[in-house]
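Given chain A's structure and the hints, the job is docking chain B with the ligands onto it.
Number of protein chains: 2
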Amino acid sequence: MGAVAGPEIERLVQLLARLPGLGPRSARRAALHLIKKREALMMPLASAMQVALDKVQVCKTCGNIDTQNPCTVCTDPKRDDAIIVVVADVADLWALERANATQGRYHVLGATLSPLDGVGPQDLTIDALVARAHDSRVHEIILALNATVDGQTTAHYITDLLQDANVKVTRLAHGVPVGGELDYLDEGTLSAAMRQRTLF
Amino acid sequence: MGAVAGPEIERLVQLLARLPGLGPRSARRAALHLIKKREALMMPLASAMQVALDKVQVCKTCGNIDTQNPCTVCTDPKRDDAIIVVVADVADLWALERANATQGRYHVLGATLSPLDGVGPQDLTIDALVARAHDSRVHEIILALNATVDGQTTAHYITDLLQDANVKVTRLAHGVPVGGELDYLDEGTLSAAMRQRTLF
Ligand SMILES: [Zn+2]
Ligand SMILES: [Zn+2]
Numbered sequence: 001m002g003a004v005a006g007p008e009i010e011r012l013v014q015l016l017a018r019l020p021g022l023g024p025r026s027a028r029r030a031a032l033h034l035i036k037k038r039e040a041l042m043m044p045l046a047s048a049m050q051v052a053l054d055k056v057q058v059c060k061t062c063g064n065i066d067t068q069n070p071c072t073v074c075t076d077p078k079r080d081d082a083i084i085v086v087v088a089d090v091a092d093l094w095a096l097e098r099a100n101a102t103q104g105r106y107h108v109l110g111a112t113l114s115p116l117d118g119v120g121p122q123d124l125t126i127d128a129l130v131a132r133a134h135d136s137r138v139h140e141i142i143l144a145l146n147a148t149v150d151g152q153t154t155a156h157y158i159t160d161l162l163q164d165a166n167v168k169v170t171r172l173a174h175g176v177p178v179g180g181e182l183d184y185l186d187e188g189t190l191s192a193a194m195r196q197r198t199l200f
Numbered sequence: 001m002g003a004v005a006g007p008e009i010e011r012l013v014q015l016l017a018r019l020p021g022l023g024p025r026s027a028r029r030a031a032l033h034l035i036k037k038r039e040a041l042m043m044p045l046a047s048a049m050q051v052a053l054d055k056v057q058v059c060k061t062c063g064n065i066d067t068q069n070p071c072t073v074c075t076d077p078k079r080d081d082a083i084i085v086v087v088a089d090v091a092d093l094w095a096l097e098r099a100n101a102t103q104g105r106y107h108v109l110g111a112t113l114s115p116l117d118g119v120g121p122q123d124l125t126i127d128a129l130v131a132r133a134h135d136s137r138v139h140e141i142i143l144a145l146n147a148t149v150d151g152q153t154t155a156h157y158i159t160d161l162l163q164d165a166n167v168k169v170t171r172l173a174h175g176v177p178v179g180g181e182l183d184y185l186d187e188g189t190l191s192a193a194m195r196q197r198t199l200f
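Protein sequence lines, in the order shown, are assigned to chains A and B.
Under UniProt numbering, the residue at position 140 of the first sequence is numbered 140, and the numbers go up by one with no gaps.
Under UniProt numbering, the residue at position 101 of the second sequence is numbered 101, and the numbers go up by one with no gaps.
Since the hints were made in silico from the structure, they are not lab data.
The structure displayed is predicted, hence computed values, not measured ones.
It is possible that part of the hints are untrue.
In this list, chains with the same sequence are indistinguishable; a pair is considered to hold if it fits within one copy or across any two.
Straight-line distance between alpha carbons at most 25 Å, and here's what the computed BS3-like set of lysine-lysine pairs gives [to be verified]: (1) 37 <-> 168; (2) 78 <-> 60; (3) 60 <-> 36; (4) 168 <-> 36; (5) 78 <-> 168; (6) 36 <-> 78; (7) 78 <-> 37; (8) 60 <-> 37; (9) 168 <-> 55; (10) 55 <-> 36.
Okay, chain A solo, but in the shape it has when bound (with noise of 0.2 Å):
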């Protein structure tokens, strides 16, 4: 192909192909739906990519990614400043707003320790987030991780950082998910469940 249709192109498809859930062949296709969707879909994309590059950072704080420093969740005066949900990943906090799970501000890791994969303590925003915990106005740290082995070391390690600090150290309970049916669910996720029962 780099023959035919030159290495610009190339270039494109490359580079899309490094885009999560896009391999060559869809990266492909996209390069090509790019260039004859030139007006309606190139020069945006390419226009809010700038944008982004101009305007994006991570915020200093609690480790969101917004057009603001601190970040919009960060500044909001409506949200409960008693409550600091810390999740791995900026991924994870857009999850929990798009759920509207929760009023309080949040902390990102950045990652799940992850002995396997030299991810250790001093990868992660710990440190931070052990300071944000020691202000008088928090009271609770919600571990808002993957109940995975990386995610529950983590919570276990953060847990054990935190005993210092006056907080109260929540994780998210395990059970059904919504629309879940019970027999394609695990045992571990089943007890659980039948634990943390809740009144009807």
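Quick look at chain B with the ligands alone, frame taken from chain A:
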């Protein structure tokens, strides 16, 4: 998410979601990935798109997409002027080039006839193809169109129009895909593969 991440990021997500292969969820992941890989990916991709916007054109001869016009294939002196391979879309041209399937030149129709979708002959570059077929250097028109109802309707329509031109009109063979398993193939393919069997 709009309220959390700001309208600039929301717009980036919405534009990415219009790429084939990316839904709303993967568009969010792609946007986050771009923001995190600011220097390594978002800057080069924005600039590759700007280069494509500045340089990429539709070949006025064959409909291929390239940074030169006429395109690399049309201007390549080593290509065979006697053969024009007719494809519906530039993606098909790229696929044939990757396969090194032909030394001929191309003609991109832009679509296939599709009465149900309101795509008629006037929406395709058929007039230009007929004109090219009357060039005395051209001896064969290979219809490399999808083996679908619309593809075959288009093939028949073009074949009729080329009655007066002094060219042989051919189409791709039907058969067993390389690596394909017989018991997954439909009966039409199997009987065509049998009829068009070749010496071992
Ligand atoms: Zn923030
Ligand atoms: Zn051309």
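Tested hints:
1. Taking identical chains as interchangeable, the C-alpha atoms of residue 37 and residue 168 are never at most 25 Å apart, the minima being 53 Å within one chain and 35 Å between chains.
2. Proximity of residue 78 and residue 60 under a CA criterion of 25 Å is satisfied intra-copy only: 20 Å inside one chain copy versus 59 Å between copies.
3. When the C-alpha separation of residue 60 and residue 36 is checked against a cutoff of 25 Å, the pair qualifies only between copies, where the shortest distance is 15 Å, while the shortest distance within a copy is 40 Å.
4. For a Cα distance limit of 25 Å, the shortest separation of residue 168 from residue 36 qualifies neither inside one copy, at 55 Å, nor across copies, at 32 Å.
5. In this homomeric assembly, residue 78 and residue 168 come within 25 Å of each other (Cα to Cα) only inside a single copy, at 21 Å, whereas the closest approach across copies is 75 Å.
6. Taking the shortest alpha-carbon separations for residue 36 and residue 78, neither the intra-copy value of 45 Å nor the inter-copy value of 28 Å comes in at or below 25 Å.
7. Proximity of residue 78 and residue 37 under a CA criterion of 25 Å is satisfied in neither setting, with 42 Å inside one chain copy and 32 Å between copies.
8. Within a single copy, residue 60 and residue 37 get their C-alpha atoms only as close as 38 Å, which misses the 25 Å cut-off; across copies the closest is 18 Å, which meets it.
9. Taking identical chains as interchangeable, the C-alpha atoms of residue 168 and residue 55 are never at most 25 Å apart, the minima being 36 Å within one chain and 59 Å between chains.
10. Proximity of residue 55 and residue 36 under a CA criterion of 25 Å is satisfied inter-copy only: 13 Å between copies versus 28 Å inside one chain copy.
Checked against the numbered hints given earlier, the structure breaks hints 1, 4, 6, 7, 9 and satisfies all the rest.
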